[in-house]
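> Read off the chains here:
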Amino acid sequence: GENVEQHPSTLSVQEGDSAVIKCTYSDSASNYFPWYKQELGKGPQLIIDIRSNVGEKKDQRIAVTLNKTAKHFSLHITETQPEDSAVYFCAASRPPWGATNKLIFGTGTLLAVQP
Amino acid sequence: DTEVTQTPKHLVMGMTNKKSLKCEQHMGHRAMYWYKQKAKKPPELMFVYSYEKLSINESVPSRFSPECPNSSLLNLHLHALQPEDSALYLCASSQSTGVVTGELFFGEGSRLTVL
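Keeping their order, the protein sequence lines are chains P and H. Read in this note's numbering, the first sequence has 39 at position 39, and its numbers run on one by one without any break. Read in this note's numbering, the second sequence has 88 at position 88, and its numbers run on one by one without any break.
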């Protein structure tokens with residue numbers, strides 16, 4: 001089955017710096033790669049996703065890159081702000097069946113942005 | 001409306017109690033999910049309903065009983081739980097069509113404590 005590894009487990013940056021979180025996956029059939037942000041006491045919130053027919057996607061200060069050959073994808077946050085502090089999870093899934101999307105999550109990265 | 005609403009937000013129960021967690025979405029999604037999340041861990045899939053039918057049960061103990069009364073509602077019935085079942089229970093929904101994977105939207109979760 002699919003296995004998703006995520007690094008680093010913790011990341012501390014100064015406000016204004018960039019943060020990069022990396023994930024690798026094992027199942028070459030996976031074609032959907034979302035990133036979730038989870039603040040303390042809340043549910044995961046989708047912040048960006050990428051599909052296997054695209055190499056890069058950007059949304060303001062957040063970007064995700066995908067290397068299908070190497071089976072890895074990364075989250076880039078530029079100009080970090082204290083409100084970016086949270087746990088970030090990557091995930092991967094194979095093509096859906098029916099309405100279902102079975103996500104396999106990475107282990108999470110605790111990002112701390114120091115003011 | 002991109003909301004998944006979960007009630008209650010907090011629940012404390014004894015090992016002999018019977019209680020239920022409730023989840024509602026009005027996005028027209030036909031897949032609904034229950035996840036369990038322990039502290040500092042990724043969400044762990046428990047059950048998936050697709051078109052109101054149970055499509056995935058990840059070998060969850062029978063003290064957890066899911067129910068999908070209609071396409072907008074999902075319940076998780078709890079009975080004779082153990083202290084180790086204390087966790088954040090997350091509901092999610094998605095809609096995938098054909099080969100296009102739909103995003104998973106999570107609720108804020110129900111924090112369960114079993115005494």
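Calculated directly from the structure, the hints in this document are not laboratory data. By construction, the Cβ of each residue, glycine as well, lies at the ideal position given by its N, Cα and C atoms. Hints are not guaranteed to be accurate.
[As the list claims (entries may be wrong)] Okay, derived cross-link-like pairs now, DSSO-like style, lysine-lysine, Cα gap no bigger than 27 angstroms in a straight line:
| # | chain 1 | residue 1 | chain 2 | residue 2 |
| --- | --- | --- | --- | --- |
| 1 | H | 38 | P | 37 |
| 2 | H | 18 | P | 57 |
| 3 | H | 40 | P | 71 |
| 4 | H | 38 | H | 18 |
| 5 | P | 22 | H | 40 |
| 6 | H | 9 | P | 37 |
| 7 | H | 9 | H | 41 |
| 8 | H | 41 | P | 42 |
| 9 | H | 9 | H | 22 |
| 10 | H | 22 | H | 53 |
| 11 | H | 19 | P | 22 |
| 12 | H | 41 | P | 37 |
| 13 | P | 37 | P | 68 |
| 14 | P | 57 | P | 68 |
| 15 | P | 71 | H | 41 |
| 16 | H | 38 | P | 22 |
| 17 | H | 38 | H | 22 |
| 18 | P | 68 | P | 42 |
| 19 | H | 40 | P | 37 |
| 20 | P | 57 | H | 9 |
| 21 | H | 18 | P | 42 |
| 22 | P | 37 | H | 18 |
| 23 | P | 71 | P | 58 |
| 24 | H | 40 | H | 53 |
| 25 | H | 38 | H | 19 |
| 26 | H | 9 | P | 42 |
[Said to hold, decoys possible] Chain P stretches covered by chain H per the calculated footprint, using a threshold of three residues with CB under 8 angstroms from any CB of chain H:
| # | region |
| --- | --- |
| 27 | 35 to 45 |
| 28 | 98 to 106 |
> Check whether the Cα positions of residue 38/H and residue 22/H lie no farther apart than 27 angstroms.
Holds, because 19 angstroms separates the two Cα atoms, which is no more than 27 angstroms.
> Check whether the Cα positions of residue 37/P and residue 68/P lie no farther apart than 27 angstroms.
Given that 27 angstroms is the threshold and the Cα spacing comes to 23 angstroms, the pair holds.
> Using C-beta distances, would you say chain H covers the region 98 to 106 of chain P, given that this needs three or more residues below 8 angstroms?
holds (count 8)
> Under the criterion that the straight-line Cα-Cα distance not exceed 27 angstroms, is the pair residue 22/H, residue 53/H satisfied?
Within the cut-off at roughly 17 angstroms; holds.
> Is it true that the CA of residue 38/H sits at most 27 angstroms from the CA of residue 37/P?
holds, 16 angstroms
> Quickly compare the C-alpha distance for residue 41/H and residue 42/P to 27 angstroms and report which way the hint goes.
Holds: residue 41/H and residue 42/P sit about 14 angstroms apart, inside 27 angstroms.
> Just to be careful, I want the Cα atoms of residue 9/H and residue 22/H compared with a cutoff of 27 angstroms; is the pair within it?
With a Cα-Cα distance of about 10 angstroms, the restraint between residue 9/H and residue 22/H holds, given a limit of 27 angstroms.
> Between residue 22/P and residue 40/H, is the straight-line Cα distance small enough, at 27 angstroms or below?
Cα-Cα ~18 angstroms, so holds.
> Quickly compare the C-alpha distance for residue 41/H and residue 37/P to 27 angstroms and report which way the hint goes.
Roughly 13 angstroms separates the two Cα atoms, so the pair holds.
> Starting from residue 38/H, check that the Cα of residue 18/H is at most 27 angstroms away, please.
Measuring from Cα to Cα gives roughly 21 angstroms; hence the hint holds.
> Residue 40/H and residue 53/H: Cα distance at most 27 angstroms?
violated, 31 angstroms
> Hint check: residue 68/P vs residue 42/P, CA-CA at most 27 angstroms. Holds or violated?
Given pair residue 68/P, residue 42/P is violated - Cα atoms ~32 angstroms apart, limit 27 angstroms.
Hints 2, 11, 18, 20, 22 and 24 from the earlier list are contradicted by this structure; the remaining hints agree with it.
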